[in-house]
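The task is simple: from the sequences and hints, build the whole structure.
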Amino acid sequence: EFTTAILEEVGVAMVTGAGFGAPENIRLSYATDMDTLKEAVARLHTFMKK
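Here the UniProt record's numbering is used: position 50 in the sequence shown is 50, and no number is missing along the way.
Take these hints with a grain of salt, some might be off.
[Stated by the list, open to error] Listed below are the simulated EDC-like cross-link pairs for lysine to aspartate or glutamate, each with C-alpha atoms no more than 16 angstroms apart in a straight line:
no., residue 1, residue 2
1, Lys50, Glu9
2, Lys49, Glu9
3, Lys50, Glu8
Please keep in mind that the hints were generated in silico from the structure rather than gathered at the bench.
Here it is as structure tokens:
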């Protein structure tokens, strides 16, 4: 699964939108400091380039 691969490969946790009525989407929390968000985005960028 897509969200599991992201967690295992780059350490960013998210969930599918299925529990929120939108199974084709993903959900993540951004309730953290700006430095952590920047690091998470950089990791997601690395993952998506593969």
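Hint by hint, here is what the structure shows:
no., hint, verdict
1, Lys50 to Glu9, "11 angstroms, holds"
2, Lys49 to Glu9, "13 angstroms, holds"
3, Lys50 to Glu8, "14 angstroms, holds"
Comparing the model with each earlier hint shows no violations; every hint is respected.
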